[in-house]
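Q: If you want the building blocks of each chain, they are given just below.
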Amino acid sequence: MASEPAAPVASRDRGAAMGLLARLRSWEGLLLGLLVLIVLWNATSVSGYLDPRNQINLLTLSQEKIIVVLAMAFVIIGGEIDLSVASVMALAAVLIASLYEGGTPMELAVLIALGAGLLAGLNNAFWVAVVGLPSLAVTLAGLIGYRGLARLFIEDRSIGGFPGWFTAITRDAVLGPLSLSLLLFLVLLVVAAVLLHLTGFGRTVYVVGNSRDVARFSGVRVTRLKAALFVMSGFIAALGGVLIASRLGAVRGSTAEGFELDIITIVLFGGVSIFGGRGTMIGVILSIFVILNLRNGLALANLTGNTQLGVIGLLLILSVLVPNLIATARGRLERRAGDRGAGTGQGPDPRRADSISGTASG
Amino acid sequence: MSSHKRLIALLAVLSLMAGACASPAASPSVAAPTTAASEPASEPASEAASEPASEPATEPASEPASEPASEPASEAPSAGGEVVTAEPGQELKMMLLPKFLGILPFDQANEGAMEAHEELENPGALEFVGPTPENSVQGQIEFVTNAPTQDYDVVMISNNAGDQIGSAAATAQEAGVKVVSWDSPIPSAEGEDLFIAQVDFDSIGVVMADMALDIMGDEGGEFAILSASPDAANQNAWIAALEEVLEDPKYDSLELVDTVYGNDKSEESYTQALALVDQHPDLKVIMSPTTVGIAAAAKAMQDEGLCEQVKVSGLGLPSEMVDYTLNGCAPQFALWSFVDLGYLTYYTSYLLGTGAIEGVEGEQFEAGRMGTFSVEKDPTRDAGLRVLMGPFKVYDETNVEEEAS
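Here the protein sequences line up with chains Y and P, keeping their order.
Under this note's numbering, residues 257 to 618 are what the first sequence spells out, in order.
Under this note's numbering, residues 6 to 410 are what the second sequence spells out, in order.
Rather than coming from a laboratory, the hints here were simulated on the basis of the structure.
Virtual Cβ for every residue (Gly too), placed ideally from N, Cα, C.
One or more hints might be untrue.
What the hints assert, rightly or not - Partial list, computed: chain Y residues near chain P (C-beta under 8 Å):
(1) G304
(2) T423
(3) G505
(4) L556
Stated by the list, open to error - Pair by pair, the computed Cβ-Cβ distance ranges are:
(5) Y/W421 x P/A388: 52 to 58 Å
(6) Y/A397 x P/E123: 50 to 56 Å
(7) Y/D412 x P/G360: 35 to 41 Å
(8) P/S234 x Y/V430: 40 to 46 Å
(9) P/K382 x Y/V450: 52 to 58 Å
Could you put the whole structure together from the sequences, leaning on the hints where they help?
A: Rendered as structure tokens:
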């Protein structure tokens, strides 16, 4: 499918630079268009959508997820996956609750919970990066294990009654309409974008994601990088756990159950290749806003859970189908038209293209 | 070369940030005190101690033993309280929010709510919305959070999120939305105006003990419990209530020999029911306080031809139990009417939303066809107010068919 028509070798370098622009024209462009459409539709036909309170609610309701999305983007671009994030969120939330209930000061409980997230990440990192087991298996075990641990702590209880300052983190506006947690999200969003696209670390993530072997031959410390990805993911997931405990004001063993799928979905919808090495933070950010705005519009329009799920599912299926169809169609056209259009290079499909190209060689 | 990338990345990020920061602070409008006592109780026909019993006593003729503890609101009326009646035609936007969509009891509750909606001629909307079962907790929180934005006046919720809904409900309240729970309350009562309780949860022990005694007769015998999951808070409370009731000398002849769990799954409950019979040769009754368990157990006894030996009882839906009741496998079971629960919930919410009642202890009101009710402290929780519907309805061969249709 991804039969790159023999692009002139000379233009490859230029192609790398143009790659991002081309992608903006394709996937990110598509997302941006979609976002504009959804926002326009919501603004004109859904009453209450433009209410500032709603704009804040829209983010607040998903803040834990979208913070973890930022870390997950790194993990997936790095060629791995972390299925354990939601369970780490639960573990952190449960730890906070049960420690606080047991008399530990809240500040300390939060630190311990974040530390537990680091440990969980280290554990994942050890088995994936050092031992070399597939991350799918390792983090699947984590998904079950950390959740089990969380349930052990809390059993079938609900612990709440947290101090006011703790619930205020997600509720009280500190800057304009933004709560501390939303500010944190926006800061992390900038950090993530800079880290991925403007630093050596970010470039290394792409290299490793594209090909572990190539990365190793070119002197990249693959083990260390992968370990860093999982530790980061564990820590951010624990942070998400802190936020959900704060937002809900009570914690149960089932807290954050199933979040991992939503999180991974948002990342993939943002144009990140499940095979690693491809995708941009802009795409991921656009994806976050597309999905949150779509959900919000559907919810305000009083569509039930089933309908919402259906509409979003349909969108995701289309998001996989359309680019592939375009890529296939374009490939055929180009083959038929000879090499006339070879200069345009990259197909629009961000996922299925060949493994080593573009940003990787940068 | 990479300056392009940098520029674009930064621009995008900055524009998103700017967009997010631009919206002005959302100031929650404090709920304006509704004009409360302005509603003169137009009809002073205060039937003070009228039975709130929704069900015209269609009790089994055999033994009327099944109502003692479920004599709810009739003892509550505080002296001199006037009974508020609703003034139809006022506009309210109402949300009926079940735990999730797609099961019969909630549809029945909606039926009852629609009946009251039409009766009260509310020109506003009654929306029956809910999450999917998998997303029940987060979905409910989302619906409650969005309620003020959507200009709802009242949210009627069968809470499945425990205390996790409290913060969202409190925020909705601050924005002027009334929050009425039904079927399942907010445990801490945070953010909740009233809870419409289907039955007195403590009375379920008496009802189950009575049914067991009824089925086994005076000589009594062994019985066992087939519950939902070991974690189910409701069922555990009910079983505890039953165990307490069994201390009463009246029930000395009853011996509870085992408690097993089918996790509200048909297959598992079916297997557990058969295992009970194997392990306890003298078993006479399987008592299942869950609609899934009771139907599965009855089917198991029927399939294995054990109905003469072991009877099934507990909490069940008439439509699912009608065959087993008529063929004698499950001669008696109990439940409340979800249609009535929906009706009463809507009626109470309408009164609360229009300001006819304020939702304070001691208030009395008339709820259409169901009679007079009162607001009281909820004795089953540390905090919170409830309106008790009660009592149980016990089904047997004489009345199951009409209800099942």
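Q: Please go over all the hints and tell whether each is borne out by the structure.
A: Checked hints:
With 8 Å as the threshold, the beta carbon of Y/G304 comes within range of chain P, its nearest partner Cβ sitting at about 4 Å, so the hint holds. A least Cβ separation of about 7 Å between Y/T423 and chain P falls short of the 8 Å threshold, and the interface hint therefore holds. The closest approach between the C-beta of Y/G505 and any C-beta of chain P is roughly 4 Å, which is under the 8 Å cut-off, so the hint is satisfied. The interface hint given for Y/L556 is met, as the beta carbon of that residue sits about 6 Å from the closest beta carbon of chain P, less than 8 Å.
The given range of 52 to 58 Å is broken by Y/W421 and P/A388, whose C-beta atoms sit roughly 23 Å from each other. Checked against the given bound of 50 to 56 Å, the beta carbons of Y/A397 and P/E123, roughly 55 Å apart, stay inside it. Against the hinted window of 35 to 41 Å, the Cβ-Cβ separation of Y/D412 and P/G360 comes to about 39 Å, which satisfies the hint. Hint check: P/S234 to Y/V430, Cβ distance near 42 Å, so the stated range 40 to 46 Å holds.
Look at P/K382 against Y/V450: about 57 Å separates their beta carbons, and that is inside 52 to 58 Å.
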